[in-house]
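Protein chains: 2
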Amino acid sequence: MNIPLIFWVVPVASLLALVFAYFFFKQMMKADEGTDDMKRIALHVRKGANAYLRQQYKIVIIVFLVITVIFSILAYGLGIQNPWVPFAFITGGTFSGLAGYFGMRAATFASARVANACRTSLNGGLRLAFRSGAVMGLVVVGLVLLDISLWFIVLNYFIPEMEAGYKLMTITAVMLTFGMGASTQALFARVGGGIYTKAADVGADLVGKVEANIPEDDPRNPATIADNVGDNVGDVAGMGADLFESFAASILASALLGAAAFIGSGETIQTNAVLAPMLIAAIGTILSIFGIFLVRTKEGATQKQLLKSLNIGVYVSAVLIVIASYFILYFLNIPNYVGIWGSIIIGLLAGIGIGQSTEYFTASAYKPTQRIAKSSETGPATVIISGVGTGLISAAIPLGIIVVAITLAYSFATGFDFNFSNLNIGLYGIGIAAVGMLSTLGITLATDAYGPIADNAGGNAEMSHLDPEVRKRTDALDSLGNTTAATGKGFAIGSAALTALALLASYFEEVRMMFVNFLDKPNELINGVPAIEAEFIDFVHHYNIHLMNPMVIVGIFIGVLAVFLFSGMTMNAVGRAAQKMVDEVRRQFREIAGIMEGKTEPDYARCVEISTKGAQKEMLTPSLVALLIPVVVGLIFGVAGVTGLLIGTISSGFALAIFMANAGGAWDNAKKYIEEGNHGGKGSEAHKATVIGDTVGDPFKDTSGPSLNILIKLMTMASVVTVGIAVTYHLL
Amino acid sequence: MNIPLIFWVVPVASLLALVFAYFFFKQMMKADEGTDDMKRIALHVRKGANAYLRQQYKIVIIVFLVITVIFSILAYGLGIQNPWVPFAFITGGTFSGLAGYFGMRAATFASARVANACRTSLNGGLRLAFRSGAVMGLVVVGLVLLDISLWFIVLNYFIPEMEAGYKLMTITAVMLTFGMGASTQALFARVGGGIYTKAADVGADLVGKVEANIPEDDPRNPATIADNVGDNVGDVAGMGADLFESFAASILASALLGAAAFIGSGETIQTNAVLAPMLIAAIGTILSIFGIFLVRTKEGATQKQLLKSLNIGVYVSAVLIVIASYFILYFLNIPNYVGIWGSIIIGLLAGIGIGQSTEYFTASAYKPTQRIAKSSETGPATVIISGVGTGLISAAIPLGIIVVAITLAYSFATGFDFNFSNLNIGLYGIGIAAVGMLSTLGITLATDAYGPIADNAGGNAEMSHLDPEVRKRTDALDSLGNTTAATGKGFAIGSAALTALALLASYFEEVRMMFVNFLDKPNELINGVPAIEAEFIDFVHHYNIHLMNPMVIVGIFIGVLAVFLFSGMTMNAVGRAAQKMVDEVRRQFREIAGIMEGKTEPDYARCVEISTKGAQKEMLTPSLVALLIPVVVGLIFGVAGVTGLLIGTISSGFALAIFMANAGGAWDNAKKYIEEGNHGGKGSEAHKATVIGDTVGDPFKDTSGPSLNILIKLMTMASVVTVGIAVTYHLL
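From first to last, the protein sequence lines stand for chains A and B. The first sequence begins at 1482 in the working numbering and counts up one residue at a time. The second sequence begins at 1482 in the working numbering and counts up one residue at a time.
The hints are simulated quantities; they were obtained by calculation from the structure and are not laboratory data. Treat the hints with care, since some could be wrong.
One copy or any two copies: either way a pair holds, since identical chains are not told apart in the list.
Stated by the list, open to error - Straight line, CA to CA, 30 angstroms or less: simulated DSS-like cross-link-like pairs of lysine-lysine: (1) Lys1855 x Lys1648; (2) Lys1779 x Lys2094; (3) Lys2163 x Lys2061; (4) Lys2094 x Lys1855; (5) Lys1528 x Lys1539; (6) Lys1848 x Lys2153; (7) Lys2098 x Lys1855; (8) Lys1511 x Lys2061; (9) Lys1789 x Lys2061; (10) Lys2061 x Lys1848; (11) Lys1848 x Lys2098; (12) Lys1690 x Lys2153; (13) Lys1855 x Lys2169.
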């Protein structure tokens, strides 16, 4: 197969992204890091973050080796997997790891510089923080596109021609394994990073704020550096790895779905359907770079204006990709391209909708958070009750949005003709909706990564005793960062759900590929039924993937089980790790003389070490659960059980993730709302009640909630790449 | 069709249950109610409870009228429902309402008498409390069996003979509607009762214990009577209505599944398969009465001995029903009766297993609760975090038990032959497992209802200033009641899940009944495939109830949405209603002079009224959600959407219910564990932290959690009885 010329847009976009990432990084490095104090503190944080990442990557490498060996046995020993799979798996993990490393490197170099920039102007601070965040955003999309480009070229060269479009099915199926590598890497980044950051945060708060009565980010608190490290390893590296995976998996799943949907439509159409998601992502990346340059603000801007300047960049990119994708689909000559274009728009709108609903439920400008703040008048118990109640209700909106999005994306792609012969193109529509949602990831991830950078800049300003005016500026940036972090979280969960659904559809296609011969003439009548319909019926029947089969229901129950078990484990992990941090901070206050008077520097490194060790130890069991359950279910219950499992995991995991993220966000902002002087203000009983709510919310919103994003994608991905096992060997 | 002689065991068992209920009630009424103070307080509670029930039944009657009109339109106007349905619906609601009324009446008459009996002996108190609880248990099972008997006789007489076993399918399908009436009644009893009891409890605690620093059940607290009323309307009437429904629905669903599974096996076998679940329930009821008489204890018994004496009654009944059901199935000549007997045993074991796991995760004798107690040393935030973490993990065990139970009940019933022709008998096995779990409900419900009676007896003793020795005895009874309440909650949720799954299977059979002609010769080959298999394939294909259909997945997402929305709503409802109670209690302390000195009696009635009104107002919206969603989903997405909906609701609702019940129970007992002198004991900071945990847990374990039991059954039931709508009219 000759690679069409237009394909080369993908590697070009990838290189552009990486070049601009490098450019923004260099630009940031040129900025002054400020006073000696500022440099010293930034160095502490940077060293801690690097130490953590080194430690984590050590464990990840071992896990990768084990999994690669298993894949090799499956491929070379049992012959139920493509020989390229182990390599694709490794590059996915490596590239994701590199993206995390570069993103975090930029973030840790940026914080002091942003604080220093804020000494002269707010606009300078915003631009520096945002462009440092853009390093992360662009490295992520750049490396994903690079990996996709390389593998597409390599596999096209090495995999022999096959009949009837099977070659593209094989290529895209192998490429999907690259997503499995990214997913495994993301698991450890999110779970480990999430436990790290919240163990440090909860530990720092419980002793520092509550017992010793010193403010946030006070340099006398031994856990404060670990807390700042945590923002980087959790919110930067963790978030980056999470979205790296969504971006890669949504493109790759859509490519596979495209190959399957148009297998009987001739090589050109099929190739174009495979290229479409890649091109949309590539053009979206170029438009993201353009959007990043649009973000600027004037001095003395209000928070609203700051938000507006960020939003201009995001929305302009989004509008442009909507227009561009119409021409891409038209140019590629995709059948029903208007309908599929509709699916892209649906995906984009769904992403915005979920982000908006997150903001509504977690920002103090709206009723839900204000009601939680009000409930503090009757103490912490009612704060928790109303936060849980609101969080549960808040899950309904994104679930509803996803329901509408799936229905419409599917309907548009099929042209509202729900005939069986259109099922595959409908699934392609769902996949491409996910690509649409993520197409401008370059800039949306920049706004996400901006948050922790601003947060750390504030921490740096506080710890190095800068002028209150500077702290005020970093606070303005930080407060904006909280809003973008909230919508970013919603976006990450929503895209994870849609990506997981696209992966689920790919799972079906992979099973189908092992069962049937894809048909040249799908509409030829066999026994009075079109061939494609007869084939579907056979397929459903052969694997018993219908809802009267109790094994499907059993699978769904196990899926829900996995979600509850996994999030309970991560929640308790934070509790245990935080307990160790509390003990250490108490010990330092007790044993190291002069800390409280600011005469002696506390032993920051020891706290960093405790968080690191705690996170490493605690992340293993839940990760094992996530990796093993799909394989075990496949071995016992076969394909029917696995499909049930995945649907159970995706649906309940998505709901629980939203509940946790929103409850946590709302508690956080209810506290801030009171600190602004409502219901008695700082130091009142009401304030204390919301501080408790905020602490409870920490592992909700930053550990268990986001880890579920990974769980739903990873379990689906693991099922996709081990599909051969479930098909070949199963007990029931 | 002639009704076989053995059927008459069912009405006989029903009458026996009702006669013994009457006997225990009379026996209890003969006991002395004690001092004037005791009588006065009991009267307050009784009046409050009656007032609440009257108010609730008023609203329920209106809802019933509306639904009956809708059913009548469907039956007489559109002709898509059997004409008997509206009547069956009404009797189900009425009988359930009567059971709630009688059970609560017994409970409210018993409390002072139990307290009084404790003035002379512990054994006397236990027997009186337990036998008063038995009134509830026996009225529930007696009325269910009575209603079933009557309808079976009436429908057999009026519904004309049809070919090929269709008559029994029709009879059992109509009878299932009786369960819909019970379900609707249970919805209001559980949701309304749950909101009532926790609004009063939280309100009483927040002002009484925390602000005014007076003990639990102190007569100076204006909300204390409302709190005691709440135990009766929530834990007695609510729990009773919940299990009334499970008992009825599991029997009726199994009857329908039996009629469907053996439709081609001749009239005798089919009739016997329909009678089997009824007979097992009937014999189980007689054995429950026997078990109730076994419960006695000697004076000065330890808590362990008390628990043992209760357990003897429960376990002897269980062992006897296992033996008896073997002979029932053998005598009825059911094909593969040994396998189906295995399913019954699996059901019973699953019930015990779920109860045990609940006890492990919530009793202070075990590690999970002790760890939560320990986490109180770092304050309320860690208490909440570890409670949530433990609760989430604890959901995995019952989910796992249900997974194993479904798999084995299905496998046993099919004789491990998973051929298509055995699918129906496998589903019958799942239904009959639910019947097995609930077969000895007469006595298990007695142990559940015993709890709130003992609790109220303690309240009565406290408020009427009885001798501390008496209070010690009632405390022993109460503490035992907490254990039985915890296992009872687990049992209620587990049986709800299994019942809902049986109902889901009935849903499939009802749809199938509208689509295919059940076959006389299921194994005849058509195009090389057995007829029954061909029919199944057609059926699955026609309704698209396979997992590649996005509408199924959409349905599952909506199911999860319903669960989160519903439980968030009930949670917030408690918050709001409790807020009003807090305001009122604060007002009374402020405005009514002499309350705190014990000179003036507070205005108890006003608090009762506030809880009543709050519960009535708050229960409507979530109830509407539960009733409307299945119909709306059916109208838009058809059968495929509804099946997805139900599976999504049952799986995630079950998990969330267990999480909430166990987290709440564990917080409650962590507090008690500290009150026993651990981690600083009563009054310490650790104790305060766990009091907050306990208050948060209140709506978890007594409102939102148990309400989910109803949601999963009601939504399935509503789908079953409105199946004609989804089949006939739908948008997509």
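Evaluated hints:
1. Lys1855 x Lys1648: neither (61 angstroms within a copy, 60 angstroms between copies)
2. Lys1779 x Lys2094: So Lys1779 and Lys2094 fail the 30 angstroms test inside a copy (44 angstroms) and across (55 angstroms) alike.
3. Lys2163 x Lys2061: Both: 28 angstroms inside a copy, 26 angstroms across copies.
4. Lys2094 x Lys1855: between (39 angstroms within a copy, 22 angstroms between copies)
5. Lys1528 x Lys1539: within (17 angstroms within a copy, 69 angstroms between copies)
6. Lys1848 x Lys2153: within (14 angstroms within a copy, 36 angstroms between copies)
7. Lys2098 x Lys1855: Classified as between: cross-chain Cα gap 21 angstroms, same-chain 39 angstroms, threshold 30 angstroms.
8. Lys1511 x Lys2061: The answer is neither: 39 angstroms in one copy and 60 angstroms across copies each exceed 30 angstroms.
9. Lys1789 x Lys2061: neither (42 angstroms within a copy, 41 angstroms between copies)
10. Lys2061 x Lys1848: Classified as between; 19 angstroms across copies, 37 angstroms inside a copy.
11. Lys1848 x Lys2098: between (40 angstroms within a copy, 21 angstroms between copies)
12. Lys1690 x Lys2153: This pair counts as both: shortest intra-copy Cα distance 15 angstroms, inter-copy 29 angstroms.
13. Lys1855 x Lys2169: Both, since 13 angstroms and 21 angstroms are each at most 30 angstroms.
Comparing the model with each earlier hint shows violations of hints 1, 2, 8 and 9; every other hint is respected.
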